[in-house]
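Asker: Working from the sequences, and respecting the hints, build out all of it.
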Amino acid sequence: MKARVHVTLKPGVLDPQGKAIHKALSGLGFETVERVRQGKVIELELSESDPERARESLRDMCEKLLANTVIENYAIELDA
Amino acid sequence: MKARVHVTLKPGVLDPQGKAIHKALSGLGFETVERVRQGKVIELELSESDPERARESLRDMCEKLLANTVIENYAIELDA
Amino acid sequence: MKAAVIVFPGSNCDRDVQVALAQATARHASGGAPIMVWHKDADFEKVELIVLPGGFSYGDYLRCGAMAAQSPVMKEVVRRANRGVPVMGICNGFQILTEAGLLPGALIRNANLKFICRDVNLRVETSQSLFTGRYEEGQTIRVPVAHHDGNYIAGDEEMERMEDRGQIAFRYCAPDGTLTSDANPNGSARNIAGIFNETKTVLGLMPHPERLADPALGGSDGRPLFDGLVEALS
Amino acid sequence: MSEVTPEVIAEHGLSGEEYERILGILGRAPNLLELGIFSVMWSEHCSYKSSKVWLKTLPTTAPWVIHGPGENAGVVDIGEGLAAIFKMESHNHPSFIEPYQGAATGVGGILRDVFTMGARPVANLNALRFGDPSHPKTRHLLAGVVEGIGGYGNCVGVPTVGGEVNFDAGYNGNILVNAMTVGIARQDRIFTSQASGIGNPVVYVGSKTGRDGIHGATMASAEFGEGAEEKRPTVQVGDPFTEKLLIEACLELMATDAIVAIQDMGAAGLTSSSFEMASKGGLGVELDLDCVPCREDGMTPYEMMLSESQERMVIVLKPGREDLAQGIFEKWDLDFAIIGHLTGSGRMILKMHGETVGDLPIDPLAQAAPEYRRPYEDMPEAPFLAPSAVPAPADTSAALLQLLACPDLCSRRWVWDQYDHMVMADTVGRPGGDAAVVRIHGTKRALAITTDCTPRYCQAAPRTGGAQAVAEAWRNLTAVGARPLAVTDNLNFGNPERPEVMGQFVGCIQGIGEACRALDFPVVSGNVSLYNETNGKAIPPTPAIGAVGLIETLDRTATIALKAPGEDIVLIGATEGHLGASLYLREVAGRREGAPPPVDLAAERRNGDFVRGLIQGGQITACHDLSDGGLAVALAEMALAGKLGATLTPPEDPGLPPLHAWLFGEDQARYLIAAASADLVLEAARAAGVPAAKVGTTGGDALTLPGGAPIYLNDLRSAHENWLPVYMGESLGN
Ligand SMILES: Nc1ncnc2c1ncn2[C@@H]1O[C@H](COP(=O)(O)OP(=O)(O)O)[C@@H](O)[C@H]1O
Ligand SMILES: [Mg+2]
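Protein chains in written order, with the working numbering: chain A, 1 to 80; chain B, 1 to 80; chain C, 1 to 234; chain D, 1 to 734.
Quick caveat, the hints were computed from the structure, so don't treat them as lab data.
Don't take every hint at face value.
Claimed, not checked - So the derived list for chain B, only partly shown, Cβ under 8 Å to chain A, looks like this:
(1) Glu-45
(2) Ser-57
(3) Arg-59
Stated by the list, open to error - As a list, the in silico DSS-like pairs of lysine-lysine whose alpha-carbon atoms are at most 25 Å apart:
(4) A/Lys-40 with B/Lys-23
(5) C/Lys-75 with B/Lys-23
(6) C/Lys-114 with D/Lys-137
(7) A/Lys-40 with B/Lys-10
(8) A/Lys-19 with B/Lys-40
(9) B/Lys-40 with C/Lys-114
(10) C/Lys-40 with A/Lys-10
(11) B/Lys-64 with D/Lys-137
(12) A/Lys-23 with C/Lys-40
(13) D/Lys-280 with D/Lys-56
(14) A/Lys-40 with B/Lys-64
(15) C/Lys-75 with D/Lys-331
(16) D/Lys-563 with D/Lys-643
(17) D/Lys-49 with D/Lys-280
(18) B/Lys-64 with C/Lys-114
(19) A/Lys-40 with A/Lys-64
(20) B/Lys-2 with A/Lys-64
(21) A/Lys-19 with B/Lys-2
(22) B/Lys-40 with A/Lys-64
(23) A/Lys-64 with C/Lys-40
(24) B/Lys-64 with A/Lys-19
(25) A/Lys-2 with B/Lys-40
(26) A/Lys-23 with B/Lys-64
(27) A/Lys-23 with A/Lys-10
(28) B/Lys-23 with D/Lys-331
(29) D/Lys-694 with D/Lys-643
(30) C/Lys-40 with A/Lys-40
(31) A/Lys-2 with B/Lys-64
(32) A/Lys-40 with B/Lys-2
(33) D/Lys-563 with D/Lys-444
(34) B/Lys-10 with A/Lys-10
Think of the CB as a built atom: it goes at the ideal place given N, C-alpha and C, for glycine as much as any other residue.
Answerer: And the structure:
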């Protein structure tokens with residue numbers, strides 16, 4: 001089973017990378033850009049076939065390692 | 001309009017981060033994990049309201065800045 | 001005094017801090033060089049001080065310090081820290097301490113997105129700790145930084161609590177001790193370079209005192225930190 | 001396996017004549033795998049076919065040389081049973097295509113060459129050449145290369161302590177990224193790649209093999225043209241974390257008695273490493289490709305043998321030591337696999353799924369590697385340009401400010417701030433001085449390290465330029481009080497099939513050889529990078545010289561910083577005011593012409609030995625060698641480093657050249673020193689037959705030149721420090 005975990009900064013947390021990208025895009029003349037935030041996406045392949053168990057184990061991975069819940073949120077997506 | 005750009009390594013390109021995360025997850029006892037790849041997700045807010053023009057401008061941003069097309073692929077998602 | 005330096009895969013200042021501690025120990029007390037503890041050794045001998053060294057544990061992949069914080073030895077470090085054994089994390093060690101929850105807040109990418117290696121000036125915010133007893137409050141010292149992710153952040157309330165409890169150990173400052181944004185190499189909130197836990201038994205700092213603890217290297221402002229620790233713990 | 005057609009042969013960069021030779025060696029047609037192996041082994045990159053005959057003319061021996069060229073890196077005796085092991089290598093083409101990864105893997109590769117021999121790497125340097133600052137790609141390439149070098153070196157925990165950066169339109173389409181590593185080993189623990197012992201296991205360690213950089217070695221030998229960027233997928237990604245583990249694991253294994261021979265997998269990966277080991281030992285090797293750790297499914301023998309995946313090594317173990325070795329590599333979380341054994345057959349036999357997929361004779365292939373004596377044209381040396389033919393500036397102070405702020409002379413702080421130059425806590429002389437000074441851990445001794453080359457001199461007069469590069473490296477080591485020991489070179493040139501380019505190559509090598517001989521400064525390792533061209537236009541000839549010297553005791557060294565007010569400044573060496581090919585001529589007068597300053601090797605040696613004696617005798621307080629920009633620039637750099645002003649006064653001497661030539665001329669074999677009093681120094685110089693003159697005094701907060709208003713150090717500093725950060729689009733003051 002394939003899964004994707006999105007890890008993004010919590011609202012309000014400073015995002016130096018996003019800010020720099022925004023600045024660089026403006027510098028390149030992309031004037032329609034109003035806000036940029038950068039996050040991570042982690043793609044996993046699991047030998048687990050039960051979606052419930054997969055989701056639970058992914059949640060556990062996020063809490064323990066994949067996200068720093070002090071500053072980050074995560075979202076889990078399972079491939080059907 | 002909100003948009004999300006996923007930037008991932010091209011298939012076959014070494015992903016040291018993914019490799020290390022995989023090892024760390026195994027070390028933590030997550031034995032169902034078979035493969036891990038790490039990518040970036042960039043969330044943007046655009047003042048553009050025309051989806052076609054937005055998509056085109058995002059493609060341009062990816063080619064010029066957001067993705068390193070030598071080793072990375074990108075995918076654009078527009079929020080309805 | 002006996003100290004332990006924890007070695008994670010990718011640590012690269014482990015020897016540097018071992019040398020600085022060994023020299024301080026030789027100057028003041030017996031006890032010999034610190035022991036080096038491999039990250040898989042969850043069980044190591046009793047020590048008076050635990051040091052998490054700088055470097056790139058696990059390549060700094062995912063997030064700096066994240067994987068190291070989950071390694072077997074860290075469970076033991078957390079247990080001992082909670083029992084009051086002094087712990088110091090330098091640079092990557094500081095990042096590991098925040099990831100392990102022993103210190104509040106987080107260290108994110110430098111504001112200019114670049115790795116920065118240079119001497120900076122630090123203002124010592126308190127001399128009332130095991131670690132800073134040999135400095136004077138308000139003293140300015142010169143110590144190098146070398147990091148990519150040293151931009152300290154914490155929530156507003158957390159930050160106020162830390163200020164109230166005197167948990168700020170060091171701040172980046174101009175040579176005359178004033179806190180300016182030019183003196184802040186990485187964008188850290190309130191120019192913070194190092195913090196304590198509530199009981200001031202755990203210290204995390206981004207600068208590397210072990211790199212200027214030997215006059216042959218062009219300065220020794222880092223030395224009192226090691227001397228003070230050895231003296232306090234012997 | 002697909003068929004070997006004439007197109008396939010051409011794609012592999014083999015000429016018809018070379019293919020005939022292959023048929024002769026095999027007595028049959030090669031299969032694709034075998035053809036691939038021939039192609040990489042005979043590529044310019046691996047075989048040195050165009051340069052070999054000339055490299056042989058370089059001096060390579062001295063009583064202190066332990067291993068000269070022929071090993072992974074050169075080895076010299078540094079006393080106390082220790083050896084310095086070092087080499088420089090190019091990663092030019094990959095860095096142009098993907099600057100971050102290209103530069104990063106360049107650092108990884110040169111580190112492996114050094115720790116393969118048993119050394120702990122203690123210092124990295126990098127010699128970089130970029131195109132014109134106004135070229136649209138330059139900024140991006142500079143940013144990526146510097147970030148990549150830092151990204152790799154910082155993570156492995158080896159300080160990056162020095163290097164050089166030049167800008168010239170001649171590199172617009174072909175930048176140069178040359179990386180150097182210096183390591184330290186015990187003399188009784190030096191490892192080589194010479195295999196021995198029939199039946200001994202051949203072991204693979206490190207990272208898994210992927211489809212990285214297949215044809216990379218061939219690419220590095222092929223000229224750039226339109227569409228070069230299409231070759232992108234061959235880019236390799238470096239994993240410095242794995243490299244760090246590999247260093248520690250290899251050094252741990254090296255402390256045991258388990259290793260017979262060891263070799264990193266560099267260009268042409270498993271092919272050239274296993275070939276080289278067997279060939280040096282006069283043996284054969286049989287590999288079972290089913291055992292090679294692979295990152296991807298379904299990899300073919302061709303891909304496995306030609307992959308350039310990074311962070312991998314091949315080791316021949318003593319029999320019975322497999323478990324010991326495996327334990328160490330597993331402790332460090334690295335792959336470990338026994339992939340074959342040595343044989344007495346003299347052949348390389350490759351097996352997969354129980355079948356022989358390749359069978360090549362080792363010695364004939366190695367010995368029959370093509371060697372070309374390519375035709376060359378002697379390159380005429382540019383004519384002498386009289387100082388009086390170069391206009392004086394309206395204001396010498398303004399000219400100095402302009403020079404100090406020019407791309408080739410401005411401060412490189414923006415670069416080295418991104419490199420961890422202090423990790424390992426032995427960096428005594430940080431970037432910014434003449435040579436980096438790295439303490440030998442646990443001792444009071446130190447290595448001095450530098451890289452140097454002045455391509456505009458090499459372009460104007462290859463032979464003089466080659467000699468000058470060596471002389472400048474020697475001078476930089478001397479200026480910190482070190483005894484120069486040996487050289488590694490990185491010869492970057494265009495297409496050797498063109499006689500003009502070959503002429504530049506030959507001229508530079510001759511100059512290098514002369515200088516190395518005269519200065520007792522042998523070449524112990526190096527690398528040649530040819531075909532640095534875009535659309536038929538070659539880069540300026542760039543023979544980068546890396547060099548290492550020894551400081552016996554750290555309290556007898558010197559830095560460039562002025563130390564105290566009221567001291568005398570003395571110029572050592574003769575000044576004729578050579579402005580040909582100088583930076584003053586280019587930047588201030590806007591001209592590029594004339595011969596470079598002549599290199600008088602006897603004077604170089606005499607003056608250098610004299611200065612080193614002063615430093616070792618503790619008689620002077622600061623020392624700086626003179627090079628780009630001449631006297632005025634050198635003094636400005638000393639003032640900035642010491643945060644102390646100075647006043648420069650030309651001596652009363654009827655033979656003095658015109659003032660601007662005296663200030664900015666680039667005559668060689670010169671040093672500026674500061675001392676409490678000039679008298680003793682001048683007297684000693686007279687006794688030694690060394691030209692010396694008092695030219696100024698220290699003090700104040702400004703630099704005062706004859707013929708100009710005083711320049712406050714703050715203004716001097718902003719001129720010097722701001723160009724690079726401003727160019728890179730950064731706000732200042734941070
Ligand atoms: N320009 C040179 N001068 C002296 N020795 C050289 C030069 N170029 C290459 N060599 C030597 O030739 C040998 C092979 O070089 P190279 O193929 O670059 O090494 P590696 O395969 O370890 O990368 C090395 O011993 C190297 O030091
Ligand atoms: Mg090699």
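Asker: So which hints don't hold here, by number, going up?
Answerer: Numbers 3, 10, 12, 20, 30, 31, 34 - these are the hints that the structure violates, sorted from lowest upward.
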